[in-house]
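Starting from two chains that each stand alone, build the complex the way the hints lay out.
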Amino acid sequence: MSERETAPTLEISGLKVTVGAKGEAIVDNLDLVVEGGEIVAVVGESGSGKTMAARAILDLLPSPLTVASGRIRLAGEDLVKMAPARLRRIRGAHIGMVFQEPMVSLNPSMTIGRQMAEGLRLHTKLPAAEIRDRILAMLERIRIPDPQRCLSAYPHEFSGGMRQRIMLASVMLLKPDLLIADEPTTALDTLVQREVLDLMVELARENGTAVLLISHDLGMVSHYARRVVVMQAGKAVETGLSGDVLRNPRNAYTRRLVDALPRRGAARSPGDAFGGALVELEDIVIDYPGRQRMFRRDPPKRAVDGVSLQVRRGETLALVGASGSGKTTLGRSLVGLLAPTAGRIVFHAEEGGETRPRDKIGGGRDTQIIFQDPYSSLDPRQRVFDIVAEPLRHARDMNRGQRAARVREVLAEVGLGEDFAARLPHQLSGGQRQRVAIARAIVRRPAFVVADEPVSALDMTVQKQILALFRDLQSRYGFACLFVSHDLGAVEQVADRVAVMQDGRIVETGERDEVFDRPKHPYTRALLDAAMLLDRRFAAGGSESAAERHTA
Amino acid sequence: MIATVFNLPRLRLNGLIGGAIAGILIFLALFGPALAPYDPLALDLPARLTGPSAAHWLGADEFGRDVLSRLMYGARTSAWIAFSTDLFALFAGVIIGVAAGYLRGWVDRILMMFNDALLAFPGLLLALGIMAVFGASRGGIIIALGIAYTPVVVRVVRGTVMSVREREFVEASRVMGNSEWFTMARHVLPNCIAPLLVLATTMFGWIVLAESALSFLGLGVPPPAPSWGNMLSTARPYVNQAPFLIVYPGLCISITLLGVNMLGDALRDWLDPRMRT
Numbered sequence: 038m039s040e041r042e043t044a045p046t047l048e049i050s051g052l053k054v055t056v057g058a059k060g061e062a063i064v065d066n067l068d069l070v071v072e073g074g075e076i077v078a079v080v081g082e083s084g085s086g087k088t089m090a091a092r093a094i095l096d097l098l099p100s101p102l103t104v105a106s107g108r109i110r111l112a113g114e115d116l117v118k119m120a121p122a123r124l125r126r127i128r129g130a131h132i133g134m135v136f137q138e139p140m141v142s143l144n145p146s147m148t149i150g151r152q153m154a155e156g157l158r159l160h161t162k163l164p165a166a167e168i169r170d171r172i173l174a175m176l177e178r179i180r181i182p183d184p185q186r187c188l189s190a191y192p193h194e195f196s197g198g199m200r201q202r203i204m205l206a207s208v209m210l211l212k213p214d215l216l217i218a219d220e221p222t223t224a225l226d227t228l229v230q231r232e233v234l235d236l237m238v239e240l241a242r243e244n245g246t247a248v249l250l251i252s253h254d255l256g257m258v259s260h261y262a263r264r265v266v267v268m269q270a271g272k273a274v275e276t277g278l279s280g281d282v283l284r285n286p287r288n289a290y291t292r293r294l295v296d297a298l299p300r301r302g303a304a305r306s307p308g309d310a311f312g313g314a315l316v317e318l319e320d321i322v323i324d325y326p327g328r329q330r331m332f333r334r335d336p337p338k339r340a341v342d343g344v345s346l347q348v349r350r351g352e353t354l355a356l357v358g359a360s361g362s363g364k365t366t367l368g369r370s371l372v373g374l375l376a377p378t379a380g381r382i383v384f385h386a387e388e389g390g391e392t393r394p395r396d397k398i399g400g401g402r403d404t405q406i407i408f409q410d411p412y413s414s415l416d417p418r419q420r421v422f423d424i425v426a427e428p429l430r431h432a433r434d435m436n437r438g439q440r441a442a443r444v445r446e447v448l449a450e451v452g453l454g455e456d457f458a459a460r461l462p463h464q465l466s467g468g469q470r471q472r473v474a475i476a477r478a479i480v481r482r483p484a485f486v487v488a489d490e491p492v493s494a495l496d497m498t499v500q501k502q503i504l505a506l507f508r509d510l511q512s513r514y515g516f517a518c519l520f521v522s523h524d525l526g527a528v529e530q531v532a533d534r535v536a537v538m539q540d541g542r543i544v545e546t547g548e549r550d551e552v553f554d555r556p557k558h559p560y561t562r563a564l565l566d567a568a569m570l571l572d573r574r575f576a577a578g579g580s581e582s583a584a585e586r587h588t589a
Numbered sequence: 258m259i260a261t262v263f264n265l266p267r268l269r270l271n272g273l274i275g276g277a278i279a280g281i282l283i284f285l286a287l288f289g290p291a292l293a294p295y296d297p298l299a300l301d302l303p304a305r306l307t308g309p310s311a312a313h314w315l316g317a318d319e320f321g322r323d324v325l326s327r328l329m330y331g332a333r334t335s336a337w338i339a340f341s342t343d344l345f346a347l348f349a350g351v352i353i354g355v356a357a358g359y360l361r362g363w364v365d366r367i368l369m370m371f372n373d374a375l376l377a378f379p380g381l382l383l384a385l386g387i388m389a390v391f392g393a394s395r396g397g398i399i400i401a402l403g404i405a406y407t408p409v410v411v412r413v414v415r416g417t418v419m420s421v422r423e424r425e426f427v428e429a430s431r432v433m434g435n436s437e438w439f440t441m442a443r444h445v446l447p448n449c450i451a452p453l454l455v456l457a458t459t460m461f462g463w464i465v466l467a468e469s470a471l472s473f474l475g476l477g478v479p480p481p482a483p484s485w486g487n488m489l490s491t492a493r494p495y496v497n498q499a500p501f502l503i504v505y506p507g508l509c510i511s512i513t514l515l516g517v518n519m520l521g522d523a524l525r526d527w528l529d530p531r532m533r534t
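As they're listed, the protein sequences go chains H and F. Just so we're aligned: the first sequence equals residues 38 to 589 in our numbering. Just so we're aligned: the second sequence equals residues 258 to 534 in our numbering.
Chain F with its partners taken away, still in its complex shape (with noise of 0.2 Å):
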């Protein structure tokens, strides 16, 4: 009752700023490229390297491209890649990890043994790989990035359905005669909601930077099609000359992150049945 009071302004403040980014977020995804203002491939060498100004309201980069216009097509590419990958990861992340959560004995020890030696590349180096099989492409990304990233789901999921798996209704549910793929659909996973959701909104964050840190190797997407990655990476040579160039795409990366956990705290809680009355 006590954390029912307690909880629920701070629940609602979540909910209502996570939801609001995301939605301009996902707004922008969707009609950025209709309202910009200008062509983001779109030239003018006059205007280079300037700062904000009536034409440019948020100045134009190194070869006078407008920033906004940039910025408002690069969130529908951030956004498709960083929700794609996430998608992915957890997609297979929850297959493998309730698979080897659940089943234990040599399918555990099969698929632990392939994550374990997964985990011990760091992600960046694990994409970098993969990405030279499939290309740096926008698939290629998706792809590279979300290999890179389930064998993180794959842990975490496993930890929680081997503790939810000992709890005693998942035992009742087998008595009942209940099969093993009912039980672990209807009792074990909706019961690791809560940590996953948690990992889910930090990868998302995780995923936005490495998307960058890949195109500042050159293997994100290829330029001169702009993302807030290659827009930050690209604007490095020119951060004494025009640092609001490396600000813009930082500030757009940071306030996704911090409405997407925010977003993510709210569902998590609203998910939580001791929440509910």
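Same shape as in the complex, but just chain H (with noise of 0.2 Å):
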């Protein structure tokens, strides 16, 4: 009995996953200790184990997986060779789990109150009308609108960020002992990416939970969980209170991560490194036709609501925005992917020596676009070769040798080999995929070019690499660039001019530094302070970081 009441909530004791009985180890030998209402993070890149670690808590591995050695225990009690029954109760009850889709954690064809319901009909034996009183309380305790309705909405008519906060709410409705969040918030924007994680240590807090807190992103950890552990290839590699683990990293790939974190890059010299206006957007309305009714039409949406802006020659130009600001369809129009409702896109190509302006964009030497999503972006069925040479189909002045030249030279460039061009897609990691979508995009040399989320699917680490690259690249051809995107860390690594877009119109121009430094619209504010950017930390009073804060 006192043993349980000294253990701490979670011990992870050398703890091995493998495939199959013996085969490669994915967790080798992980210590870990999480003691009562404290929020702990794995940090780690896709591939360190750092999930799979979390799943053998709760026996959740995936089929070939099995945990090999090691002790899990919860409040001193061995999970790994508990009964599947007892297991069953502790899931949900005591250890709750957050997983990283909002779109897809929630089951679409089930009302929010059900949902909600499960957790509390299975673990307890609580009367139908208190349980509904307890939801509606949760629900008021997060802040979502109307929860009456709530109740008897499907998951469908929610945002992602309300979705997690739904799910979040529903498994804090069972005071669990421990809650372990798998990159919660990484497929949300920035803004709302605050809200959630600031929600889920309130209610941590208020009920005593203990957080496993899984992530890539080491700069947004730091930031919540008072201490940090570092997994690379399996193996925890370091670990320590998370300012530490920040300011002085001890193991050298730790120092990779920190790293990684987006710094600002010396800004360019305006005025002569860029030349005039490339694209001029006057005025640019851009409606969506609303949906077809039986007997009417919906109104049409605006995403784009009067957009006038510049991208000069040479230069990056970043549009900045949180989801459904309208700043994907404005680039997609860019492109010529959708035509604007009304307005002009006037683009200054360059021919015969001169410049002269034309209200029409072609692809090809003018524009090309590279898309958030590596795994879609390039056909499953090419090969890198194959995909990169396809823009080449449209140069008429080039041979068939030299075109190969062309795309063996730029893959060579985006830091791909000779032995890539025979790859097929789904053999190449996400960092590699990017290379390739970028190489299809500038192997015609365009003029240019739309990034529209680049590196947000990637990890830190590759994502710094990915945006060097394109810097690289950028100042060898002096393409301009759209570069679109929430990441606010990114986009201080490589933009010249920031726009700031809010329900479909501009708020904010100015110089990067102009913009980050002293940004004048309230929303431009906003947007910064969510984003945790790592030098205005440091700046603003050295490691204040909110996990101090609490424990102060």
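Mixed in with the good hints, there may be bad ones.
[To be verified] Pair by pair, the computed Cβ-Cβ distance ranges are: (1) H:Asp434 - F:Leu515: 48 to 58 Å; (2) H:Arg334 - F:Ile367: 11 to 21 Å; (3) F:Pro379 - H:Glu138: 21 to 31 Å; (4) F:Pro479 - H:Gly327: 55 to 65 Å; (5) H:Arg437 - F:Pro447: 15 to 25 Å; (6) F:Asp373 - H:Arg333: 42 to 52 Å; (7) F:Ile367 - H:Gly343: 34 to 44 Å; (8) F:Ala389 - H:Arg333: 36 to 46 Å.
Read the hints as simulated data drawn from the structure, not as lab findings. Every residue gets a Cβ at the ideal spot worked out from N, C-alpha and C, and that includes glycine.
See below:
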């Protein structure tokens, strides 16, 4: 009994997870302690085994993986050897879990009310009315507007951030001893990410719940967690207080993670580096037609509402905003994927040494696009060489040999060697795929590239590499770039100028340093506050983080 | 990696068995008539409704015709009808389905209106109606069943195309300046192949059965020419006296379907880029 009281909430010792009984080790000799009410973060890149370690706690490992050795104790009780029936009573009631993808972790065919009630019905003997009251109280607590209506609403009626809050609420309803949060906000944009995490920390503190936070983002994690465990290739390579780890990383790998955190690059001097206007947007309006109902059509939805903007030759203009602000729509209209409802796009093309404006943007030499998701932007049936060569179909002045030579040259430029040419997309990592996408975009040496969240789907260290590569290519070939992103960290690294977009309008435009250091519009300030940028935090009084405020 | 290791033996087994069965079918369709021991129409009245014997290995039917010979001749008819009908439906279905799914808008609406109207009729009823126009002949059967099964293909293709066209590599192709036709042929269609193959092999089975149903109604391959379908239907009155008459063509149809489905599975896996290294 006394052992139970003094035992930490979660204690993992010597945990080893392998493929099959004695295959490759995915998690190797992991030790981890989470005390009651404490927030501990596990940080690592994809493939480091952090998610599998978390899943092992609840016996949720995917099929060939098994726990080979080691102990996982919840308040002194070993979960590894526990009978499945007993473990089921622990899941949910004592250990809650929040997953990464809010879009798919709620059942789309069940109302929110029924889904939230499930846990309480399973683990408590409360009467239905009491359950309903508790759910309503919780929904009010997480500031869902109109909780009564929310009970009978379905998941698709809510945005990603709302869904994650609902998910969090339904897990916390049972007041578990431990909450496992696996990349809970990676799929959300900056503002929402901040809201959800703040809410998670508040709820955990109110209920005395310990949190195991899993993430690839060391910067974000150090803001919330008291202690951090850094994992690489299945092993814990560094453990310590998050402030210490961030400021003085002892391990080489941790140092690489810290270095990968976004820091502002040197500003390129404006004026002499950039030419005149390349693309001019005049009063662009883009409406999405409303849905066709039985007898009428819904009114059109205005995604972009009177945007005027100028992109200069060779510069990177970052278009920043939350999801739904219309920034992606605007980007797509610039490559001709959709036509503006009103307004003019003028492209100052260079033809035979002189520039002349024209109203029509073509593909090919004019503009190219790099998409967010490297998993769906490459045709799974094409080999890398063919993917990169395809834009050259329209280069009439090049013969076969020249095209092949150009493809090889571009592949080398993006850091993919000869042997990548014959590979298929599924044989590449996320970073490598995005390199292929970049190669495809620049193979015709376009004057203008639209990059739509090009690094949001990648690990921090890979993000850093891709952004560096991008900037390098840009200074070599001088293409202008519209960098669409919600991630101010990435924007800070590559942008020359920043335009902030809210609800279809541009609310602020300016040089990068100007916007980041002296934001004028309140929305820009809100975005910057939510971004948890490293420089700003170190500048604003060194190591102060939410975690330390909470423990102080 | 794990998937490759686990799937390869299954892939080989499917491919091997399916390929062997399909091979035998094609062999019979090509050379069956040359190898058959008897003329399929030759009557041997004393032997009528007798079971397997040295003279008639698989027995003789109600007119004393040799069952083995009729099966071997029938293989050509049945395989030819099923194969051509399948191709007909696929070809028409893919063109209409891709047009509707990729172009959307009014093209989609008009095509799908017709398609849904056709889908509302039971396939066999539709085929019967069309047969009334083209008459009971091989060509008539192929056209009638082909038209009857096209709407199913259209539905499947349209759905797949609509999901593939939203993928970003299709947009990337448009941004490159590729024409709609090129994008469709190069990027959209190849990525629709998996569900199409499954449908095509399943449909092969439906068609063999539909042909026998048509024969049963007296609209299939006109007797006395043998097809597996009409052998099955003409054997029905004698099911008590000579059950083997119904068993052999039935077995032929079942084994063929099994083989075609296994081959389809193997083909689908083989065409999946993730299975390649």
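Ascending list of hint numbers which this structure does not respect = Those not satisfied are hints 3 and 6.
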